[in-house]
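**Q** Sequence:
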Amino acid sequence: MARGVQETEVFEAADALLSAGERPTVERVRLRLGRGSPNTIGPLLDAWWAQLAARVQHRLTLPAVPEDVGVALAQVWELALQAGRTLAEADIAPERAALAQVLATLDARLAAEREAVALAQAGQQQATAEVQAATAALAISEQRANDLSGQVRQLQRHLEEVAQREAAQHAQLQAALTQAEQERSTATREREALQAHLRQSEDRAYTEIDRLRQELKATKTQLSTQAREHASALRAAEQAQRAAEKAQHVAERSSAAAQARVHALAAAAPSKARPAKKTATSARRRAPAS
Numbered sequence: 020m021a022r023g024v025q026e027t028e029v030f031e032a033a034d035a036l037l038s039a040g041e042r043p044t045v046e047r048v049r050l051r052l053g054r055g056s057p058n059t060i061g062p063l064l065d066a067w068w069a070q071l072a073a074r075v076q077h078r079l080t081l082p083a084v085p086e087d088v089g090v091a092l093a094q095v096w097e098l099a100l101q102a103g104r105t106l107a108e109a110d111i112a113p114e115r116a117a118l119a120q121v122l123a124t125l126d127a128r129l130a131a132e133r134e135a136v137a138l139a140q141a142g143q144q145q146a147t148a149e150v151q152a153a154t155a156a157l158a159i160s161e162q163r164a165n166d167l168s169g170q171v172r173q174l175q176r177h178l179e180e181v182a183q184r185e186a187a188q189h190a191q192l193q194a195a196l197t198q199a200e201q202e203r204s205t206a207t208r209e210r211e212a213l214q215a216h217l218r219q220s221e222d223r224a225y226t227e228i229d230r231l232r233q234e235l236k237a238t239k240t241q242l243s244t245q246a247r248e249h250a251s252a253l254r255a256a257e258q259a260q261r262a263a264e265k266a267q268h269v270a271e272r273s274s275a276a277a278q279a280r281v282h283a284l285a286a287a288a289p290s291k292a293r294p295a296k297k298t299a300t301s302a303r304r305r306a307p308a309s
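Per my numbering, residue 20 is the first one in the sequence shown, and the count goes up by one each step.
No wet-lab data here; the hints were simulated from the structure.
From a predicted model like this one, the values you see are computed outputs, not experimental measurements.
Cβ atoms here follow ideal geometry from the backbone N, Cα and C, with glycine treated the same way.
Honestly, I wouldn't trust all of these hints.
[To be verified] Restraint ranges, calculated between C-beta atoms of paired labels, are given here:
| # | residue 1 | residue 2 | range |
| --- | --- | --- | --- |
| 1 | E134 | E26 | 20 to 28 Å |
| 2 | L167 | A137 | 37 to 45 Å |
| 3 | A266 | E227 | 19 to 27 Å |
| 4 | Q191 | E149 | 56 to 64 Å |
| 5 | Q193 | R172 | 42 to 50 Å |
| 6 | A286 | Q258 | 54 to 62 Å |
| 7 | N165 | P62 | 28 to 36 Å |
| 8 | R218 | Q258 | 56 to 64 Å |
| 9 | E41 | A141 | 21 to 29 Å |
| 10 | S274 | A237 | 36 to 44 Å |
| 11 | Q260 | K236 | 15 to 23 Å |
| 12 | Q140 | E180 | 52 to 60 Å |
| 13 | L196 | N165 | 18 to 26 Å |
| 14 | G40 | A66 | 21 to 29 Å |
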């Protein structure tokens, strides 16, 4: 903002513009002066507009009579004033009309300028609000950027820790793989040894099975022979038993017949009981032999 612009400079520039038929504006006065800011020139130009009517009226008023010659020229001055007023009224009537038109035009332009200034101020206020909002948004963005930077640093530390853990886990995994490979080799050797042992066991088992089969076959043959012999002996025993049962049956019948004869003889001859008894006893003794 330029400094040192005085009120008289602004008034002179505005008068010059008005004399040139141009409406004094802040921008035109600033261009004519070659310096100054709108914030400085604007209030001074408003003061010029406020004093313009009084200044024009003062220029249209005839000068007062000096006091040192007032008494002597009072009458002459009065006559001159009357004549001058008559002539002046006739001469300045068109100028007053033109000035009134100029003032009306200037007032309209001033109103338009003020409206433009109001719009500009409103736009400036809106721009200021937008700048403030943008500043607040920028502050928020900067805060977010700072937060993101902190998060990025934290994430980097976390990634470093993860990388370290992965390296340790990789080393552990490598060691585990090495141990697993060793265990696999050991297991392979043990499996091969076990398979060889199993093959030997199977061979021994097959040999033993063959031997047992031969023994079983011989045993079956022996048992079959013994079974046939046992069957023959059993048949002979059964035949002997049947013969013994038949002989016993015959003996029982003979004994019953003898007893019947004894009882008959005893009943027929009681006196001969003793000899008959002996005869019966002899008959019983002879019965098993027959």
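**Q** Now, for every hint given, state plainly whether the structure supports it.
**A** Hints versus structure:
1. E134 with E26: 20 to 28 Å: Given about 25 Å between the Cβ atoms, the range holds.
2. L167 with A137: 37 to 45 Å: 43 Å, holds
3. A266 with E227: 19 to 27 Å: Hint violated: Cβ distance 56 Å, outside 19 to 27 Å.
4. Q191 with E149: 56 to 64 Å: 60 Å, holds
5. Q193 with R172: 42 to 50 Å: 31 Å, violated
6. A286 with Q258: 54 to 62 Å: Hint violated: Cβ distance 42 Å, outside 54 to 62 Å.
7. N165 with P62: 28 to 36 Å: Violated: the Cβ-Cβ distance is about 44 Å, outside 28 to 36 Å.
8. R218 with Q258: 56 to 64 Å: The hinted range 56 to 64 Å holds for R218 and Q258, with Cβ atoms some 59 Å apart.
9. E41 with A141: 21 to 29 Å: 27 Å, holds
10. S274 with A237: 36 to 44 Å: 54 Å, violated
11. Q260 with K236: 15 to 23 Å: 35 Å, violated
12. Q140 with E180: 52 to 60 Å: 58 Å, holds
13. L196 with N165: 18 to 26 Å: Between L196 and N165, where Cβ atoms are some 45 Å apart, the hint is violated.
14. G40 with A66: 21 to 29 Å: 22 Å, holds
In the structure shown, a violation is registered for the earlier hints numbered 3, 5, 6, 7, 10, 11 and 13, in ascending order.
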